[in-house]
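Engineer: Dock chain B against the given chain A, drawing on the hints supplied.
Residues per chain are reported as follows:
2 protein chains.
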Amino acid sequence: MKNTWSKEHEGISVLDCTIRDGGLVNDHLFGDNFVRAVYNCCVAAGVDYMEIGYKNAPEFFSPEKFGPWRFCREEDIRRIVGDNKTDLKLSCMIDAGKSNIFRDLLPKKDSVLEVVRIAFYAHQTDEAMDMIADAAEKGYDVWANMMAVTDLSDRVIDDALEAMVGTKSSTVTIVDSYGSLVPEQTEYLTKKYLNAARATGKTVAIHAHNNQQLAFANSIESIKAGAAKVDVTIGGLGRAAGNCPMELFLGFLNNPKYKLRPVYQCLEEQFIPLAQQIEWGPFPEYIITGQFNQHPRAGIAARESQMRNKFSAFYDSLAGGSGK
Amino acid sequence: MKNTWSKEHEGISVLDCTIRDGGLVNDHLFGDNFVRAVYNCCVAAGVDYMEIGYKNAPEFFSPEKFGPWRFCREEDIRRIVGDNKTDLKLSCMIDAGKSNIFRDLLPKKDSVLEVVRIAFYAHQTDEAMDMIADAAEKGYDVWANMMAVTDLSDRVIDDALEAMVGTKSSTVTIVDSYGSLVPEQTEYLTKKYLNAARATGKTVAIHAHNNQQLAFANSIESIKAGAAKVDVTIGGLGRAAGNCPMELFLGFLNNPKYKLRPVYQCLEEQFIPLAQQIEWGPFPEYIITGQFNQHPRAGIAARESQMRNKFSAFYDSLAGGSGK
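These protein sequence lines are chains A and B, in that order. Using this note's numbering, the letters of the first sequence correspond one by one to residues 9 to 332. Using this note's numbering, the letters of the second sequence correspond one by one to residues 9 to 332.
Okay, chain A solo, but in the shape it has when bound:
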């Protein structure tokens, strides 16, 4: 029995965010050769979008400490991609509370970027709406990425969705920041997002984290429920447990427009050495934060301390007296 699902999985777009989410592991201190290898891999694999970093403001992040992909200056991007004469669309993420989009985002005609993704927490919705308006006004395809959805009640999600679909964004993204979703919840949320998005012709995307080894499965579940865009990263590189691995998702899509071999080549040449320097993946600390529906920061801190691999004590620290 071979997988023969390609007919069901046409029309899905794939966004690589290896540098953007992976940069959260190493303060975006990737060398140019690594970023260029990821870019070349994305072009060769045929993925639709590549998010090359954040456009954060230097008043929030010191350029002495953080690498160029925290800021995405036009000249840094062009040093890697030139004028990007390819079919790959380039994206950056701009998050509420840490950026100055009005000052720092160029008009699209002056940039090699085509997509801007506005990331925000629910309490920052008003600010995010202004940011979406600014990016759309400047000519970009804008996606609205409300983070940490598993922290929110249905009512808060519904209110935020109402705000998001009232903007000029093309896409609303389900963002499972904590890697807490299981497929049944993903299906439920996808239908909810889709109900809100459809009336205004918007599409739904999913950004999954791999705390419970479900990033790939939740991505599958979401497109089955109607999502049209999926975030992936090469080797699953991303904060803490990482994201949905590109090599898995492209294999599933089984669509001849995507090529797997360049992904394995990039893994071999770039990610085997990288894994000697930094770590990511569904380690037990991250399983535990995912199971308790918490931000992975406690897990990251544990793994960088004497608490590393002390799983039962770490479990106790989150379980408290719940005895879960």
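Simulated from the structure, these hints should not be mistaken for lab results.
One copy or any two copies: either way a pair holds, since identical chains are not told apart in the list.
Straight-line distance between alpha carbons at most 30 angstroms, and here's what the computed DSSO-like set of lysine-lysine pairs gives:
no.: 1; residue 1: K232; residue 2: K199
no.: 2; residue 1: K106; residue 2: K176
no.: 3; residue 1: K265; residue 2: K318
no.: 4; residue 1: K200; residue 2: K232
no.: 5; residue 1: K267; residue 2: K318
no.: 6; residue 1: K93; residue 2: K267
no.: 7; residue 1: K116; residue 2: K93
Structural biologist: Chain B alone, transformed into the frame defined by chain A:
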């Protein structure tokens, strides 16, 4: 948003096969302390079954090379579990073509084992039916585990199911030996197995492999479709990419009868040291064999040779001229 699915997931039984499937990584050369720790973990976690090894015949496997859990002699098991005065039911696996069940399996009244799982390939169905009859006759709860289901056509599966449901087995198991299933296929197969099993009051189980990081997701999908028993291993330990991790699956069930903390404690005390000696997990070589619906043996050989981490060449060796 917390996970509140426990009501939906009562009535599921969990079988630990850490020693049995994990032993395929190290020729079943686990020390007694390790096996005892796994047993104690299973008891403390409240899982329903523990499969402690294979009962293979020494004429097929040299006792000089393979550890005791390849043979499951009664005295070896009792050295670990005594008379097993717990609620945990002990199981062994006996596979067609490599065993002498008629000679080597004691009557149940003389054994601490309660469950026997007969593993076989489709072409060994006749032999397996005789083995099931023998084990049932001797008083055991017998499960029928036809391996490598993704290699088989619907017609072959249907014929084998017809044979299996005609036996005195209590359970028919979906065995994804290659880790090739995606959730849609798992749902389809679960319904097929269930259709065959229901008429005779049998239940359906699933044994997943993690090549595509889908062992947990496929297990979830299978119980959603009606399976009642799920194989897990601590830390996912198992051949090649390993199996569905116990710590993930018990977290999902969210049923107070299961305890997570003992699993994390066992991971910390036993599996961190073990991972310094042997490897398992969804490495790219195993993703690739899973994607190509092949036994992982080529991936295992690659990782034990100069081909280790040469993902693109390994990909080419499986893709041939297919250009997939």
